[in-house]
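Given next are the chains, with one letter for each unit.
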Amino acid sequence: MTAPSLTVRVERGIGWMELDVPGESVNTISPAVRDELDAAIAQLGREDDVRVLVLISRKPDSFIAGADIKSLAALRTRDEAHQLVRAGQDAINHLERMGKPVVVAIHGACLGGGLELALACTYRIATDDPDTKLGLPEVQIGILPAAGGCQRLPRLIGVQRALDLILTGKTVPATRAYRLGIVDEVVHPSILDRVAEEAAVKLAGGWRPKRRRLSLKTLATDHNPLGRKVVVGTARSQVEKKTGGHYPAPLAALQAVEHGLTHGVEAGLDIEATLFAELAVGGVSRNLLRIFFATTALKKASGVDGDAPAPKPIANLGVIGAGFMGAAIGGVAALKTGVDVRFRDRDLVSVGRGLAAARELLEGQRDRRRIDEYEFRRLRALLSGTDGWDGYGRADAVVEAVFEDLELKQRIFRDLETHVRDDCLLASNTSTIPIARIGEAVERPERLLGMHFFSPVEKMPLLEVIVTERTAPWATTSAVAFARRLGKTVIVVRDRPGFWVNRILAPYLNEASQLLVDGVSAETIDREATRFGFPVGPVTLLDEVGLDVAEKSARLLHEAFGDRLQPPEVLASMIEDGRLGRKSGKGFYQYEGGERRDIDQTAYEIIGAATDAAIPKEDVQARLVFAMLNEAVLALDEGVVRCARDGDIGAVFGIGFPAFRGGPLRYLDELALPDAVSVLEDLARKYGARFTPAPRLAAMASAGDIFHPSG
Amino acid sequence: MQSANGRRVAVVAGCRSPFCRAGTALKDVSAVLLARQTVLELLHRAGLQGSEVDEIYFGQVVPSPLVPNLAREVSLLPQFPASIPAAAVNRACASANSAIVLGHDQIALGHADVVIAGGAESLSDIPVLHSRRFADVLIGLSKAESNAAKLRVLASFRPRDLIPVSPAIAEPSTGETMGQAAEKMAKLNGIGRQAQDEFAMRSHLLAAAGFADGRLKQEIAPFFVDGTDEPVTRDNGVRPDANLEDMGKLRPVFDRRHGSVTAGNASPLTDGAAAVLLMAEETVEALGYEPLAFIRSYAVAALDPADQLLMGPAYAVPKALDRAGLVWGDLGLVEMHEAFAAQVLSNIQAFESRQWAEQHVGRSEPIGEVNWDTLNVMGGSIALGHPFGATGARITLTLANELRRKAVQFGLISVCAQGGMGFAMVLEAA
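The listed protein sequences correspond, in order, to chains A and B. Going by our numbering, the residue at position 300 of the first sequence is 300; the numbering climbs one at a time, nothing skipped. Going by our numbering, the residue at position 129 of the second sequence is 129; the numbering climbs one at a time, nothing skipped.
Hints are not guaranteed to be accurate.
Said to hold, decoys possible - Short derived list, chain B residues pointing at chain A, Cβ under 7 Å:
id, residue
1, Arg-36
2, Leu-40
3, His-44
4, Arg-45
5, Pro-78
6, Pro-81
7, Pro-222
8, Phe-224
9, Asp-229
10, Pro-240
11, Asn-243
12, Leu-244
Quick caveat, the hints were computed from the structure, so don't treat them as lab data. Don't be surprised by glycine CBs; every beta carbon is placed ideally from N, CA and C.
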C-alpha cells in the first residue's frame, strides 16, 4: 500500500483536498491518484456539513503537471487507453456534478489533465509566480486533451482562443491565463490559501462568479454554425500546413472540439475518448513519448561514464570572437544563465558590433515580453568586451568562436592559456576542426573540449559537447552542465570529423547535389524530404546554411572518410558563380528582400544538370534518407555518439529529423533492419557503392538485433 | 603624523570612461550607465570578483530625481552580490574625492576591506523641472474634487508658469555663478588674460602628450554607445593644436567688456565617469594585488562663498600636508583640478604668498612654491573635461599612476568645490 497523495480535511464547512504525491517533485495524475481524488469527492459530496471544496497542491512549485506519463507509455491496446481516459473523464465529471462548488488554487505548473481538472471547478485562482504555467500540451506528445479539455476550454474562453492553446500545446503564465479568461483571479503565492478560503466562503453562501459576457465575436463564431466552420476551417489549414500531415494529434483535437460544439458535451467526451485511444497507441505518439523520455533522461545525464565529477560552477564566461556566432552565444548565455560575458575580438569595432548583436538578442526578448525592462537592463549589464585580455583572469569558462582556421585557433588558445586560471574550462565552437588538433597547441589539453552550437543559437535546441581522448571528466561534466543551463539538450560526442550532426548530414546533402546533377528538380528533392517529415528540404537547407559553409564541411568529410562521402562538384561551381545561398541573394533559389522566390533556372545550367531525369520519386526520397541512415550506423559504430538514444536526439534536434519517426536509429528499428539492408543493397546496385550497407547494420540485421532493444 | 589611526589604505586600480563634452559622443548615455560601465570595466581590468567588494561610494553633483542614489545602481550590477551597501556623495566638484575618503575611512576603521569609489556625471542629461507654480497647479488639479474646484485651480495658471527651471551652476547663497567667481578672482588677484590662456594651452598640450604616449589612454575604458558602431575611446575636448592666437580670439563670457575668463580657459561641461579600487594594505596582499599608491592624508576646508569662492584648495592643502607630516617641498607631483585657469593661478599665488599664509591660515611661511614640472603633468580639467562628480577620481587615478611611473614618494591632489570648499589629499608611493 503506497502512501496517500491526497489529504482531506474539513474545516468550518470547507472540504480541503490537498494534493502531494509522495516521492515525486511534481504532482501528476496516475490511476491511483485519480481514484483517491474520486473517492474524496464522493466522500465530501456525502458529508452534509461540507458546503464547498477547495483543491490545492502542497508541492512548493507544482500544481498538477498533467497525467502520469509513465502510465500513458504503458498503454498497449486501444481498449486499455479507452478505459483509462474514460475513468479520468468520469472522475472529473463527478467533481463537476457533485452539486457543491469547488475552488481550485493553482500554484506551479497546471498542465494537461491538471488544467482539465481545474476547468471543471467552479472558481479558479492562480498565483502570479513565474512557476505558475497553464496549458494543454498533449499534442506535443501526439495525443489530445481527452479529459474534457476540448469541451470545457472552448466553452469557457471561446473557440478561437481555445484552439490557439490546444492545437499548439503552448503554455501561458497566470496573468495571460487571466486575460484569456481561464482563471478568475491572480494573487501572490503567500495569500493563495486565504483567498481560496474567502472564495469558498462566498461560494458556500450562494455567490457565483460572473463570467465575462460573450463578445460579438464569440457570438459570431462559437454560437453560429457557419462562423464556427470558418474558424475551424482556418485552424485546420494552418495545422495541415504546419504538420505537413505527419502529426495526427492536432487534427484529432480540432475534430473533438468541433464535434463537441455541434453535438454537445457528452458526444464530445465520447469522441475525445475514441480519438485518444487511437492516438495513444499509435506510432507517432509512441515516438514522441520516447523522444520526451530520452530528452528527460539527457537532462539528468552527466555526460561521462562511471563516477561523474561535480561540474565546476561557471559565473564568468569569456567569448572570443564577437562575430555572428560569438555574439549569439554571449547573448544567450547572459539571457539563460545570468553569467558575466566578456567578449574579446581583435579590434574594438568588432567588439562593439558583437555587443550590439548580443544586446539586440536581449531586446528581442524584451519586445516579445519574455523579460521586462528591468530584467533587460540587468542582463545587458552582463555584456562587456575588450580588444585585450583584461577580464580573462576572472573567467571560469571560455568559448572560442572565431573564423574556422586551425592556426588561428591554436594561436588564440595558446595566448588564452597565459591569461586564464588553471581551472578555467576551454571550449571551441568549431564545427569542422578536430578538437585534438587545437589541443596540440595548449599546455593543458585536459580542460579543452568542443561546444558545438547550432545557428540560430537562441532557437536551436541541441548542443554537441565534443570530447577528445585527453579531455578530463570534470571538463565534460562542467560543459554539459553549463550547456544545460543554456537551455540546450546536450549530447556528448567523440572528436571525429563532422562530429555527429554534420557527419550524418553530409551524405544527405551530397545526395541532394547528386540528385540535382542527375536531373531531378530542386522542388522535387525538397518536396520528397518534407514529405518524409524534414522541416525543410536539403536544397533549401543548403541555401540557408550557405553553400560555401556546406562545401567546406563536405570537402573536409570527404578527406576524412574517402569516396563514400565524395561531394559532387555542384557546390564548387555554384560558389564560383557567386551563389552562396540566401546570404548572397541567390543560390539554388532566388531571394528578394529577404523573401524566397522561385527556383533559379540558370542554376541547373551552372551545375550541368541532366535534362531528363529517369529517377522514380520513391528513389529520390530513399536516396536522401538512406544515405543519412547508413552514415548514422557507421558513425554510431565508431562511437561518435555514446548510444543510439543520443544519436536519435541529436538528429531530431540538430537536423530536424522527423520526431514522429523517433530518430534515424529508431526509424531503422521500425523499418526492420533486414529490410533496411535490402533497400540499401538495392540503392547500391542502382546508384553506387556509397550505399553499401554499414557492416554493423548488416551484422545486426542477420543477428536479429535492433538499436533500441529496451524499447 | 598620519591622519587616521587605522589601517593603511591602498589605491589598487582604477579606470574611467572617456570624458566627452556635453552634447557630444556620450550625450545619450545616462550617468547611471556611465557609472555602471566604468565600474564593470574596473572589475575586469582589476580581475576582481564582485563578491570581494564590501562597499561602494559614488559622487554625483546633479543627480536625476528618479535616481537619487546612483551608487546603489552601481552596486546592483549583476556582477555584484545584492548585499553591497552603497551611497551617493555630493560635495560638488570634490564629490568623487569625498567618495574616496568615505571608502578610505571605512577601510581604516576596519569596517571594510575592499571599496570601489568614484563618480559620474552626465551634463547632457540634467534634470529640467517645472516651475513651482506650475507644479502647484498640477497638484491642485489632482486634488480638486469637483469641476468647479478644478476650474478655480486652472484660473490661477499663468503661461509664464510653463517656463522650465533648470539647475544653474551658481551659489545658492549668493547667486554668483562659478564663472563670475572666477572672473572676480582674476581681477582681485591680478591674473591677466594672457596668463590664463597660457595655462589653458599648457593643459591641452600636456594632455595631448599624455594621449600620444599612451599614459592617458591606459586609464580610459572604451565606451560602447548603443546604436553606434565606433566605440568612444578618448576624451574629445583635448586640442593638440591649442595656441595662444586662437585662444586670444575668444570673447570673455562673464564680463564682455573688461573680463578675461573665456570658454578657452575654463573647463567645459562634460559627461563621464571614473572609479578607483581601494583596499586595506593587508587585503592587497591577501588577494594577490599590488598597490599603486597609499592614501597618506586628506583634508577639507571651507570659506565664505561671498569671498573668493574657488580659493578652497589654499585652505585645505596646508591642513592635508600637516596631517601627512610633510611640507610642500616633499611633494614630487601635484595634481590640481582646473575649474578655471584663473582659479588655479589664484590658488598658486596663495600657495606662494607669505602674506596670504599669514592672513588666512595663520602661518609665518608660505605654503610652498610650485615646481611647474610636477604640476598637472598630463593636463587637467580644462583640456580633459570636467564631469563634476567624476573629476576627483580621475585625478586620484592619474596621480597614483604617475607616482609609480616617476618613482616619486609623495603627491598632492587639490580640488576646489562649490560653496567655497576645498579638498586636498596626499598620496604616497607604494
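For each hint, the structure was consulted:
Look at Arg-36(B): its Cβ gets to within about 6 Å of chain A, closer than 7 Å, so that hint holds up. With a cut of 7 Å, the hint placing Leu-40(B) at the interface with chain A holds, because the nearest CB-to-CB distance is about 5 Å. Given hint, His-44(B) at the interface with chain A, holds; its Cβ is 3 Å from that chain's nearest Cβ, closer than 7 Å. A distance limit of 7 Å between C-beta atoms decides the matter here; for Arg-45(B) the minimum to chain A is near 5 Å, and the interface restraint holds.
Below 7 Å, beta-carbon pairs count as interface contacts, and Pro-78(B) has one with chain A at about 5 Å; its hint therefore holds. For Pro-81(B), the shortest C-beta to C-beta distance to chain A is roughly 11 Å, which exceeds 7 Å, and the interface hint is violated. Residue-level restraint check for Pro-222(B) holds (minimum Cβ-Cβ distance to chain A is 5 Å; threshold 7 Å). Interface hint at Phe-224(B): satisfied, since its Cβ lies 5 Å from the closest Cβ of chain A, which is below the 7 Å cut-off.
The closest approach between the C-beta of Asp-229(B) and any C-beta of chain A is roughly 6 Å, which is under the 7 Å cut-off, so the hint is satisfied. Against a cut-off of 7 Å between C-beta atoms, the interface hint on Pro-240(B) is violated, since the closest Cβ of chain A lies about 21 Å away. Given hint, Asn-243(B) at the interface with chain A, is violated; its Cβ is 31 Å from that chain's nearest Cβ, farther than 7 Å. About 35 Å separates the beta-carbon of Leu-244(B) from the nearest beta-carbon of chain A, more than 7 Å, and the hint is not met.
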